[in-house]
Amino acid sequence: AQSVTQPDIHITVSEGASLELRCNYSYGATPYLFWYVQSPGQGLQLLLKYFSGDTLVQGIKGFEAEFKRSQSSFNLRKPSVHWSDAAEYFCAVSSGGYQKVTFGTGTKLQVIP
Amino acid sequence: DVKVTQSSRYLVKRTGEKVFLECVQDMDHENMFWYRQDPGLGLRLIYFSYDVKMKEKGDIPEGYSVSREKKERFSLILESASTNQTSMYLCASSGQAQYFGPGTRLTVT
Numbered sequence: 015a016q017s018v019t020q021p022d023i024h025i026t027v028s029e030g031a032s033l034e035l036r037c038n039y040s041y042g043a044t045p046y047l048f049w050y051v052q053s054p055g056q057g058l059q060l061l062l063k064y065f066s067g068d069t070l071v072q073g074i075k076g077f078e079a080e081f082k083r084s085q086s087s088f089n090l091r092k093p094s095v096h097w098s099d100a101a102e103y104f105c106a107v108s109s110g111g112y113q114k115v116t117f118g119t120g121t122k123l124q125v126i127p
Numbered sequence: 002d003v004k005v006t007q008s009s010r011y012l013v014k015r016t017g018e019k020v021f022l023e024c025v026q027d028m029d030h031e032n033m034f035w036y037r038q039d040p041g042l043g044l045r046l047i048y049f050s051y052d053v054k055m056k057e058k059g060d061i062p063e064g065y066s067v068s069r070e071k072k073e074r075f076s077l078i079l080e081s082a083s084t085n086q087t088s089m090y091l092c093a094s095s096g097q098a099q100y101f102g103p104g105t106r107l108t109v110t
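Sequence order for the protein chains is A and B.
First residue of the first sequence: 15, per our numbering; consecutive thereafter.
First residue of the second sequence: 2, per our numbering; consecutive thereafter.
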């Protein structure tokens, strides 16, 4: 069965600092990987997705993620965080397009001035 | 642009009432999903549908049913609402990725 682990429940960074959110997945074959962001009281918005090809994926809002098969990881990065990035971030995995998705439990990002 | 709408943002219902949550997508997707989200538990899949009139149970279907009469619409039904169904309900529609609606915050008193 596929699974996702986000080891950090809560992260605090200063505005302008770099950010890396960790995600580890468990899946036998090549996974489909996603990062979503959720602002308080809102639905989830897709930041980026990886299906195949280049292992460094660019997304919206200046985010990127790198797929590392050897480490079963898909970490999300941003070079300079803005106060508006404060939200909860979810990593997710599926066995293919159009299939069920398994979500991690989320990482809450706090941005301080 | 991808658009998934949910009928209500906030809903307050009494115990025992029948509750309908509606979700509409405009992307001609075949797959639609209903989740509930609770603090500390993440997103849990209630039901999903791969086509009109088709439905499959997710991880926590007890106390819920669904209806998919048209491709663009997927309804979640709480036959007799209970206080433990107070939650945030999220609908998603899926092409290669899932796209979410804004959510319905349901309170059952």
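Simulated from the structure, these hints should not be mistaken for lab results.
Honestly, I wouldn't trust all of these hints.
Facing chain B, according to a computed beta carbon distance under 10 angstroms, are these residues of chain A, among others [to be verified]:
| # | residue |
| --- | --- |
| 1 | Y39 |
| 2 | A43 |
| 3 | F48 |
| 4 | L58 |
| 5 | S87 |
| 6 | R91 |
| 7 | P93 |
| 8 | V95 |
| 9 | W97 |
| 10 | S98 |
| 11 | A100 |
| 12 | G110 |
| 13 | K114 |
| 14 | V115 |
Which chain B residues stay away from chain A? Per the calculated CB distances, all over 12 angstroms, these [to be verified]:
| # | residue |
| --- | --- |
| 15 | L44 |
| 16 | E63 |
| 17 | Y65 |
| 18 | N85 |
| 19 | S95 |
Keep in mind it's a predicted model, so treat the numbers as computed, not measured.
Backbone N, C-alpha and C define an ideal beta-carbon position, used for all residues, glycine too.
Hints and how they fare:
Given hint, A/Y39 at the interface with chain B, is violated; its Cβ is 14 angstroms from that chain's nearest Cβ, farther than 10 angstroms. The beta carbon of A/A43 is not positioned within 10 angstroms of any beta carbon in chain B (closest approach about 16 angstroms), and the interface hint is therefore violated. Of the supplied interface hints, the one on A/F48 holds, with its beta-carbon coming within about 6 angstroms of a beta-carbon of chain B, less than 10 angstroms. A distance limit of 10 angstroms between C-beta atoms decides the matter here; for A/L58 the minimum to chain B is near 4 angstroms, and the interface restraint holds.
The restraint placing A/S87 at the interface with chain B is violated, with a minimum CB-CB distance near 19 angstroms, outside the 10 angstroms limit. The criterion of a C-beta within 10 angstroms of any C-beta in chain B is not met by A/R91, whose closest approach is roughly 20 angstroms, and the hint is violated. The beta carbon of A/P93 is not positioned within 10 angstroms of any beta carbon in chain B (closest approach about 24 angstroms), and the interface hint is therefore violated. Proximity of A/V95 to chain B is violated relative to the hint, the smallest CB-CB distance being about 23 angstroms (cut-off 10 angstroms).
Here the hint on A/W97 is broken, as its CB sits about 22 angstroms from the closest CB of chain B, past 10 angstroms. Because the beta carbon of A/S98 sits about 18 angstroms from the nearest beta carbon in chain B, more than 10 angstroms, this interface hint is broken. Given the 10 angstroms rule on beta carbons, the hint for A/A100 is violated: about 17 angstroms separates it from the nearest Cβ of chain B. Here the hint on A/G110 is kept, as its CB sits about 9 angstroms from the closest CB of chain B, short of 10 angstroms.
A least Cβ separation of about 7 angstroms between A/K114 and chain B falls short of the 10 angstroms threshold, and the interface hint therefore holds. With a least beta-carbon distance of about 6 angstroms to chain B, the hint placing A/V115 at the interface is held under the 10 angstroms criterion. For B/L44, the requirement that its beta carbon stay farther than 12 angstroms from each beta carbon of chain A is not met, with the minimum near 5 angstroms. Consistency note on B/E63: stated as away from chain A, and its beta-carbon is indeed over 12 angstroms from all of that chain's, at 18 angstroms minimum.
With a least beta-carbon separation of about 17 angstroms from chain A, B/Y65 lies farther than 12 angstroms from that chain, consistent with its non-interface assignment. At roughly 20 angstroms, the least C-beta separation between B/N85 and chain A is larger than 12 angstroms, which holds for a residue marked as non-interface. Non-interface status of B/S95 relative to chain A is broken: a Cβ of that chain comes within 12 angstroms, the nearest being about 6 angstroms off.
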